[in-house]
Amino acid sequence: MTTLAARPRTALLVIDVQKGVVAEAHQRDAVVANIAALVDRAREEGVPVVWVQHSDDDLVKGSEAWEYAPELIRRDTEALIHKNFGDSFEETELEDVLAAAEAGHLVVTGASTDACIRSTIHGAFVRGYDVTLVGDAHTTDDNSKWGAPPPDQVIAHTNLYWQYHSAPGRTAAVADTKDVTFE
Numbered sequence: 009m010t011t012l013a014a015r016p017r018t019a020l021l022v023i024d025v026q027k028g029v030v031a032e033a034h035q036r037d038a039v040v041a042n043i044a045a046l047v048d049r050a051r052e053e054g055v056p057v058v059w060v061q062h063s064d065d066d067l068v069k070g071s072e073a074w075e076y077a078p079e080l081i082r083r084d085t086e087a088l089i090h091k092n093f094g095d096s097f098e099e100t101e102l103e104d105v106l107a108a109a110e111a112g113h114l115v116v117t118g119a120s121t122d123a124c125i126r127s128t129i130h131g132a133f134v135r136g137y138d139v140t141l142v143g144d145a146h147t148t149d150d151n152s153k154w155g156a157p158p159p160d161q162v163i164a165h166t167n168l169y170w171q172y173h174s175a176p177g178r179t180a181a182v183a184d185t186k187d188v189t190f191e
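Heads up: the sequence shown is residues 9 to 191, going by my numbering.
Everything labelled a hint here was simulated from the structure, so no lab data went into it. C-beta atoms are modelled at their ideal positions from N, C-alpha and C, and glycine is treated no differently. Any given hint could be a false lead.
Straight-line C-alpha distance at most 27 Å; calculated DSSO-like pairs for lysine-lysine [unchecked claim]: (1) K153 / K186; (2) K69 / K186; (3) K153 / K27.
Label pairs and their in silico Cβ distance ranges [as the list claims (entries may be wrong)]: (4) A14 / W154: 38 to 46 Å; (5) D37 / K153: 20 to 28 Å; (6) E75 / S174: 36 to 44 Å; (7) T85 / P16: 31 to 39 Å; (8) D150 / H130: 42 to 50 Å; (9) A38 / D84: 37 to 45 Å; (10) V134 / E101: 24 to 32 Å; (11) A38 / A156: 29 to 37 Å; (12) E53 / A156: 35 to 43 Å; (13) D84 / W154: 36 to 44 Å; (14) D84 / K153: 22 to 30 Å; (15) V134 / D84: 39 to 47 Å; (16) E32 / H130: 43 to 51 Å; (17) P16 / E52: 33 to 41 Å.
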């Protein structure tokens, strides 16, 4: 029920699952495995998979840390969005890629929950997309030394508030990997 006209399709977003981003992430292996399962399922069902890759002064483009986790292999036919801001839409071609795919519903996975994931799900929602956050396919580092809650609480809180997020003509949802549908 997206507010975007003529956008009946769903796309899977894989955000920043890069070596340097997820090296110390909470339940890294389980989250990456869930994302890999979703990528496989999306491909089988003909759903566009859109890869997002962050770079900045601490995550230098072309460095080993900038590369995607080795368990996740992007196909040449799948879109790759390079970004420099938390919100995957800011100063990128993501909107154009999604428009060309006729995608009005986004299934969101990746890292980091309390930064790029939150920024992107909110950015998508205010732009008119329906957004499903995959509750067991996003992760973050332990930032508690800077006053943040432990990562399991950050993830749980994000899942909690996103399932109750609402706005006219759009839906927000949280689903576990096994329950995701790409309809």
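Holds or violated: 37 to 45 Å for the Cβ distance of A38 and D84?
Given range 37 to 45 Å: violated, Cβ gap about 28 Å.
Does 22 to 30 Å hold as the CB distance between D84 and K153, or does it fail?
Violated - the Cβ-Cβ distance for D84 and K153, about 40 Å, lies outside 22 to 30 Å.
Is the hinted range of 24 to 32 Å satisfied by the C-beta distance from V134 to E101?
Since V134 and E101 have Cβ atoms about 18 Å apart, the given range 24 to 32 Å is violated.
For the pair T85 and P16, does the Cβ-Cβ distance stay inside 31 to 39 Å?
violated, 21 Å
Please check whether E32 and H130 have a Cβ separation lying inside 43 to 51 Å.
At roughly 25 Å between Cβ atoms, H130 and E32 fall outside 43 to 51 Å, so the hint is violated.
Given the hinted pair K69 and K186, is their Cα-Cα distance within 27 Å?
Roughly 33 Å separates the two Cα atoms, so the pair is violated.
For D37 and K153, compare the CB-CB distance with the range 20 to 28 Å and indicate the outcome.
Holds, at about 23 Å.
Given the range 36 to 44 Å, decide if the beta-carbon distance of D84 to W154 lies inside it.
Since the Cβ atoms of D84 and W154 sit about 39 Å apart, the hinted range of 36 to 44 Å holds.
Hinted pair K153 and K186, Cα distance within 27 Å:
violated, 33 Å
For the pair supplied as a hint, K153 and K27, confirm whether the alpha-carbon distance does not exceed 27 Å.
holds, 22 Å
C-beta pair E75, S174: status relative to the range 36 to 44 Å that was hinted
holds, 37 Å
Verify the CB-CB distance for P16 and E52 against the hinted window 33 to 41 Å.
violated, 19 Å
When the structure is compared with the earlier hints, violations turn up for hints 1, 2, 7, 8, 9, 10, 11, 14, 15, 16 and 17 and for no others.
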